[in-house]
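Protein chains in written order, with numbering that gives the first Met the number 0: chain C, 0 to 276; chain V, 0 to 194; chain P, 0 to 194.
No lab work stands behind these hints, which were simulated from the structure alone.
Virtual Cβ for every residue (Gly too), placed ideally from N, Cα, C.
Take these hints with a grain of salt, some might be off.
Below 30 Å or equal to it, Euclidean Cα-Cα: the simulated DSS-like pairs (lysine-lysine) are [as the list claims (entries may be wrong)]: (1) 87/V to 21/P; (2) 87/V to 87/P; (3) 87/P to 21/V; (4) 62/V to 41/P; (5) 87/V to 168/C; (6) 21/V to 62/V; (7) 21/V to 21/P; (8) 87/V to 63/V; (9) 63/V to 253/C; (10) 87/P to 144/C; (11) 87/P to 63/P; (12) 63/P to 41/P; (13) 41/V to 62/V; (14) 144/C to 63/P; (15) 21/V to 41/V; (16) 168/C to 21/V; (17) 41/P to 87/V; (18) 168/C to 21/P; (19) 168/C to 63/P; (20) 63/P to 62/V; (21) 144/C to 21/V; (22) 21/P to 63/V; (23) 21/V to 63/P; (24) 41/P to 63/V; (25) 41/V to 21/P.
Computed footprint of chain C on chain P, listed as stretches where at least three residues anywhere in the stretch have a Cβ under 8 Å from a Cβ of chain C [what the hints assert, rightly or not]: (26) 27 to 35; (27) 63 to 73; (28) 86 to 94; (29) 100 to 114; (30) 117 to 126.
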Amino acid sequence: MLTDPAAPANPAAKPQGVGPPPLALIAGKPLAQLPLDLYIPPDALAVFLDAFEGPLDLLLYLIRRQNMNILEIDVSAITRQYMEYIAVVESMRFELAGEYLVMAATLAEIKSRMLLPRQQIEEDEEDDPRAELIRRLQQYERFKKAAEDIDQMPRQERDIFVADACMPKLPLVRSYPEVAMAEILRALETVLKRADMFSSHHVEREKLSTRERMSSILIRLQQGGFIRFESLFLPDEGRLGVVVSFLAMLELVKEQLVELVQADPLGPIHLRARVAV
Amino acid sequence: MMSDAALPITGIIEAVLLTAGKPLTVQQLREVFDETERPTHKAVEQALVELEQLCSGRGIELKKVASGYRLQVRESFAPWVARLFEEKPPRYSRALLETLALIGYRQPITRGEIEDIRGVAVSSNIIRTLVEREWVRIVGHREVPGRPAMYATTRQFLDYFNLISLDQLPPLSVSRDLDAIGREIEQKIEQTPFH
Amino acid sequence: MMSDAALPITGIIEAVLLTAGKPLTVQQLREVFDETERPTHKAVEQALVELEQLCSGRGIELKKVASGYRLQVRESFAPWVARLFEEKPPRYSRALLETLALIGYRQPITRGEIEDIRGVAVSSNIIRTLVEREWVRIVGHREVPGRPAMYATTRQFLDYFNLISLDQLPPLSVSRDLDAIGREIEQKIEQTPFH
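In isolation and in its complexed conformation, chain C is listed as follows (with noise of 0.2 Å):
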């Protein structure tokens, strides 16, 4: 298991018993020692490596260890032991990530230049590698802070649990799609373009109700038996309904869909619908 030893929140970093917190648990016994006593078992030391969220967290980790404020910072005993740090994981072959590297480098420089006398430091203050690495730190420790606060606030799954109750048997509603009169309008446009029937296809008024007639006479002769023809015309229906009754009747026995009967020579006349024989 990983340990956070710059996180006092994280439990498992907390110190046994007294002394400085341990660096890393291992097979449950804390690991304090490093890298002041240079040995450390292979296996430690990756977990080492895993603990710190790179060179500005390690650097963070040892200024802490060494009670310095951040703008105090010893740059001679913090380089020592970051140079330790490098050695030994370099010395046991691990990969180093480049930033470990970098950030070595940019140590000794820092290091070299405080032992250059101060007039050329204050020429130099623009680029101050040290002023540069102070920023650094307090901008990743500023947000390093954040990340643990993030932590803390809470959050669903951990802390905030939604409330959910059973579903009922909800009705089936159906919701169907909307059509506009014109998207048939379009459509049935296309399909006739498409048939090239248009001018010969040309619908008109008193077509359609003759139509819509014939469907109702076929709706009434649906369930089987005779209709009397009479039955057809309804007086209220005015002239232009008998007529179109009529029409109707007469494309439903056109298009042989009905038949008319009559039993006696000027007997009443019925109509039903067409079976095959």
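On the provided structure of chain C, position chains V and P as indicated by the hints.
Leaving out everything else, chains V and P in the frame of chain C:
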């Protein structure tokens, strides 16, 4: 565990039932309590009765099912819940609209006749959809080999488009803008006293 | 739809929130009602206040988060609910949390900018996890060579952490003025013997 003995057991049971995602038995409910504060079987049952009373008039109710107790939405509230999960239906295909248009203007018409005009087969699905929606019905069979069904539009079809009769379907004329015709019909319908 | 005007709107809202599985806005709550009986924005807000009062002393509470309202277990009842789940809640690595913090506080931000501050490469895995959890999304590309993606947090991120908006994130600790730091160091150096 920061358990607080002052918290009402009814509230704890409510919270637990509303997150369990499955019915819980009295025994399972007892087990969410620390051993030192675990209520008796009877106490849990009493809390359940109390919870049931607390739910009266609310959107949820306590239900006992085979595998325990659960809180579920009252069935009388189901229509609103159903609304939440209603999916927007997909649009109808061009093929369906063409079929519907042909049935509208050329009824009674058989599937074969529709296919003749459209030049492609009409899937059974389309016919079924139109019949299910109650826009189209079978009005008889043509007395030719196979006795194919003849389709016509229904009252519901007219109602949907706010028409009193098929005459009110706009006459087809290529020279006119179809959208304009659509608008015209809608205006006409609004003016008629029937609607 | 067998809507019944006599049912209390508060109960309907409670039932709907308890089945939605995600926070709902006032607008979304209004839409579960039929057009003919749809309450006003204000009426829904009033019902929400009423619902909040109804929940007092109970195991659940009404909570407003970034993407709307939801009913959730009161935090004081959470320990019992947590007992119910055998699986431990997921833990997130420091690398992931630091990356998330940088995106949260510095958005929109590119991966390269995150790496600059953290001083170490950000694994693609972390970005993928954050995007898959829908906590983070790409909001554009910076117009520099390579056009790197810029990341920002989502509403779901705020919901997950019980927040309404980004200002509710804990304040970022202040970093001190660089000049002041510089002067302080120089002083320090003058006072301390070289090592």
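Outcome of the hint check:
At roughly 19 Å between alpha-carbon atoms, residue 87/V and residue 21/P fall within 30 Å of each other, so this suggested pair holds. Only pairs whose Cα atoms come within 30 Å are accepted, and residue 87/V paired with residue 87/P is rejected, the gap being roughly 38 Å. With a C-alpha separation of about 19 Å, the suggested pairing of residue 87/P with residue 21/V holds against the 30 Å cut-off. As the CA atoms of residue 62/V and residue 41/P are separated by approximately 33 Å, the hinted pair breaks the 30 Å bound.
Note on residue 87/V and residue 168/C: the hinted pairing holds, with a Cα-Cα distance of about 20 Å set against a maximum of 30 Å. Proximity of residue 21/V to residue 62/V is assessed by CA-CA distance (about 12 Å); at most 30 Å being required, the pair is judged to hold. About 19 Å separates the Cα atoms of residue 21/V and residue 21/P, which keeps this hinted pair within 30 Å; it holds. For the hint linking residue 87/V to residue 63/V, the alpha-carbon distance of about 35 Å lies beyond 30 Å, and the restraint is violated.
The suggested pairing of residue 63/V with residue 253/C is violated, with an alpha-carbon distance near 68 Å, which exceeds 30 Å. Among the hinted pairs, residue 87/P with residue 144/C is consistent with the structure: their alpha-carbon atoms are about 24 Å apart, no more than 30 Å. Between residue 87/P and residue 63/P, the direct Cα distance comes to roughly 26 Å. Compliance with the 30 Å bound is thereby established for this hinted pair. For a cut-off of 30 Å, the pair hint linking residue 63/P to residue 41/P stands: about 16 Å separates their Cα positions.
A C-alpha spacing of about 18 Å is found between residue 41/V and residue 62/V, which places the hinted pair at or below 30 Å, so the restraint holds. Straight-line distance between C-alpha atoms of residue 144/C and residue 63/P comes to about 27 Å, which keeps the hinted pair within the 30 Å bound. Our distance criterion of 30 Å between C-alpha atoms is met by residue 21/V and residue 41/V, whose separation comes to about 22 Å. For the proposed pair residue 168/C and residue 21/V, the alpha carbon gap of about 16 Å is at most 30 Å, so the pair holds.
For the given pair, residue 41/P sits about 27 Å from residue 87/V by alpha-carbon distance, which is consistent with the 30 Å threshold. As the CA atoms of residue 168/C and residue 21/P are separated by approximately 20 Å, the hinted pair is consistent with the 30 Å bound. Proximity of residue 168/C to residue 63/P is assessed by CA-CA distance (about 28 Å); at most 30 Å being required, the pair is judged to hold. The suggested pairing of residue 63/P with residue 62/V holds, with an alpha-carbon distance near 29 Å, which does not exceed 30 Å.
Between residue 144/C and residue 21/V, the direct Cα distance comes to roughly 40 Å. Violation of the 30 Å bound is thereby established for this hinted pair. The suggested pairing of residue 21/P with residue 63/V holds, with an alpha-carbon distance near 26 Å, which does not exceed 30 Å. At roughly 26 Å between alpha-carbon atoms, residue 21/V and residue 63/P fall within 30 Å of each other, so this suggested pair holds. Between residue 41/P and residue 63/V the alpha-carbon distance is near 37 Å, which puts this suggested pair outside the 30 Å criterion.
Between the alpha carbons of residue 41/V and residue 21/P the distance comes to roughly 35 Å, so the proposed pair goes past 30 Å and is violated. Taking a C-beta to C-beta cut-off of 8 Å, the segment 27 to 35 of chain P contributes 0 residues in contact with chain C, too few for the three needed, and the coverage statement is violated. Figure legend: the segment 63 to 73 of chain P, annotated as covered by chain C; annotation consistent (4 residues with Cβ-Cβ distances under 8 Å, at least 3 required). Given as covered by chain C, the segment 86 to 94 of chain P passes the check, having 5 residues with a CB less than 8 Å from a CB of that chain where 3 are the minimum.
Interface restraint, the segment 100 to 114 of chain P with chain C: holds (4 residues with C-beta to C-beta distance below 8 Å; minimum three). Only residues whose C-beta sits within less than 8 Å of a C-beta in chain C count toward coverage, and the segment 117 to 126 of chain P has 4 of them, enough to reach three; the restraint holds.
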